[in-house]
Amino acid sequence: MIKKVLIANRGEIALRIIRACKELGIETIAVYSEADKESLHVRFADEAICIGPAPARESYLNMPSIISAAEISNADCIHPGYGFLAENADFSEMCESSDITFIGPTANMISNMGDKIFAKKAMQKAGVPVIPGSEEAVQNKEEAVELARDIGFPVIIKAAAGGGGKGMRIIRNEEEMATAFSMASTEAEAAFGNPDLYMEKYFESPRHIEVQLLGDGKGKVLALGERECSIQRKHQKLIEESPSPIVDASLRAKLTSVAVKGAESVGYRSAGTIEFLMDTNKNFYFMEMNTRIQVEHPVTEMVYNIDLVKEQIRVAAEGNLDSLHLLPEPYGHALECRINAEDPFNNFLPHPGVITSFHEPGGMGVRVDTHAYAQYKIPPYYDSLLAKLITYGIHREEAISRMKRSLEEFIIEGIPTTIPFHKQVMNDENFVKGMINTHFLDNFKLNPELKE
Amino acid sequence: MDLAEIRRLVKLVEKHDIEELQVEEKDFKISISKGKKSSTPQQIQTPVIPHPQIDSVDVDSFKHQHTDAPVQHVTSDKKKDENVVEICAPMVGTFYRAPSPDSDPYVNIGDQIKPGNVLCIIEAMKLMNELEAEISGEIIDILVENGQSVEYNQPLFLIKKA
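Chains as they are written, first to last, in our numbering: chain U, 1 to 452; chain G, 1 to 162.
These aren't lab readings, by the way, just hints derived from the structure by calculation.
Treat the hints loosely; a few may be bogus.
Facing chain U, a subset of chain G residues (Cβ under 8 Å, in silico) [unchecked claim]: (1) Met91; (2) Val92; (3) Thr94; (4) Asn153.
With a cut-off of at most 27 Å between alpha-carbon atoms, the simulated DSSO-like pairs for lysine-lysine come out as follows [unchecked claim]: (5) G/Lys34 with U/Lys3; (6) G/Lys29 with U/Lys3; (7) U/Lys4 with U/Lys310; (8) G/Lys160 with U/Lys377.
Derived list of chain U stretches under chain G, where covered just means 3 residues or more per stretch with a C-beta under 8 Å from a C-beta of chain G [stated by the list, open to error]: (9) 69–81; (10) 283–297.
These figures come from a predicted structure and were not determined experimentally.
All residues carry an ideal CB built from backbone N, CA and C; glycine is no exception.
Assemble the whole structure, with the sequences as input and the hints as a guide.
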């Protein structure tokens, strides 16, 4: 029986976990860095322990400090939230050796799924479609052409030793291969000291579709539909929704059965998400698995009428999913806009500072997950997520109109936020039609006149 | 608020028909309540208390600490002297005054210390970490009890610098 949970995180997710614990009658222990002394999660928890100075490395990433805090407060479990130590296999292991239940998967599952090559192979074995590509480094231009013919153009070659665009080339036909291969190889050598390249199928306008999963760690995994997270900027998600406007019941059945198969093959435990890339023909391919609760979990909660954090705690306590009764299909539509302390008119530059005025929207179908409040001083040491604005409607149009209304009502003053950006996207014709993909923001023109 | 004052409040609750008493000062909050079945105030054990633990008093401590200074504690006027510094916990753990239960404490109030002297042990994750002094001076106060849980930067000793 779980009596006390230590939340090894901060900000809105710490508050989220505290709320779930409160409803379950579980006592909460917050840990905080010196910079977060006035944070809401510290105030709302039953106990709070300072674990270090501001820098994350010395506080929220400080494993001995956190385990020590769990020991002195007699915590039964630790919930790692997302980010920080949530996908740190060593931390999961440290918890277990200290006799503290880690609310999440086992250390093995975390390290296996964290290894992209291992994960891809495991999924392939389980019959999950993966992005077609080379198994190892491509030796030369001739081999590259062979491989590209197998995979099918267009293809992308990437540096095996690094990322960030260096040593990356998109090749659309055989003629382009020779030059592209040499240039990419030289670039890779210069940037990472390793000229090795690997090849993958390139998708022109892919959509990011992910499936929410819950496993009991004993071989049973349940799926809670999909989310679409195609609106991304530099691989950071900004807007998410469930269900995906492009996924109908039959595609959902395929997606979820494949995802469940993949997760069951590793005996997955607790909440997790499998991310897919979907091409314009609705073929989907495994990208990666996230072995944690995700930022955008609320949109799934709204359409499946479920509290995912509570379910994580329950499965950690009971070791089974027997009491869980899922809706067979999602009901309604939910959208989430991530409100960051960033200036969208200045390259999304992050802005720590003091919030002078704060008023949350409300009313029907509106949910706000936030740790911010009036007079809150945003520390410069952590991420810029200020609030998650979630709206729910009986269909996508209603969710969008509620989002528009809530964005109008949401007052945050003292620092710039991404609210004006979200307003503009909600009014974008393509977004409203559901015609979105991961390149959406590359083509989206932010109107500098509409700063409100 | 000091020990004598707390004792006075406890006696007050005991003596009169008071079920619950709450007192809040700038950086200290205390709540004393009487159990309904017994006539004496109940003893409430909380493992994490930075201030001396007293029978029958629930001291709100790791909760709601609203102070401006990064290092806060409540005791005495002894701190007002500029020559007086605090030695704070560099980590989270359990504070011990001696290397083992039957040994003498490393230091006592009144002792002179110099850099390198071991002042106490902070135990974390089954490891005993010795805390060494980095300055010279006299120990004028010890702010935590033996076996008490301490958090990062919690004040442990008051030293009058040499």
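Verification of the hints:
Because the beta carbon of G/Met91 sits about 6 Å from the nearest beta carbon in chain U, less than 8 Å, this interface hint is met. Taken as an interface hint, G/Val92 checks out: its beta carbon lies about 4 Å from the nearest beta carbon of chain U, inside 8 Å. The restraint placing G/Thr94 at the interface with chain U holds, with a minimum CB-CB distance near 6 Å, inside the 8 Å limit. Because the smallest distance between the Cβ of G/Asn153 and any Cβ of chain U comes to about 6 Å, under 8 Å, the interface hint for this residue holds.
The suggested pairing of G/Lys34 with U/Lys3 holds, with an alpha-carbon distance near 25 Å, which does not exceed 27 Å. Simply put, G/Lys29 and U/Lys3 have alpha-carbon atoms about 26 Å apart, close enough for the 27 Å limit, and the pair holds. Between the alpha carbons of U/Lys4 and U/Lys310 the distance comes to roughly 14 Å, so the proposed pair stays at or under 27 Å and holds. Pair hint G/Lys160 plus U/Lys377 does not hold up; C-alpha atoms about 35 Å apart against a cutoff of 27 Å.
Note: the region 69–81 of chain U has 5 residues with beta-carbon separation from chain G under 8 Å; the three-residue rule is met and the coverage holds. Counting residues of the region 283–297 of chain U whose beta carbon lies closer than 8 Å to any beta carbon of chain G gives 0, which falls short of the minimum of three for the stated coverage.
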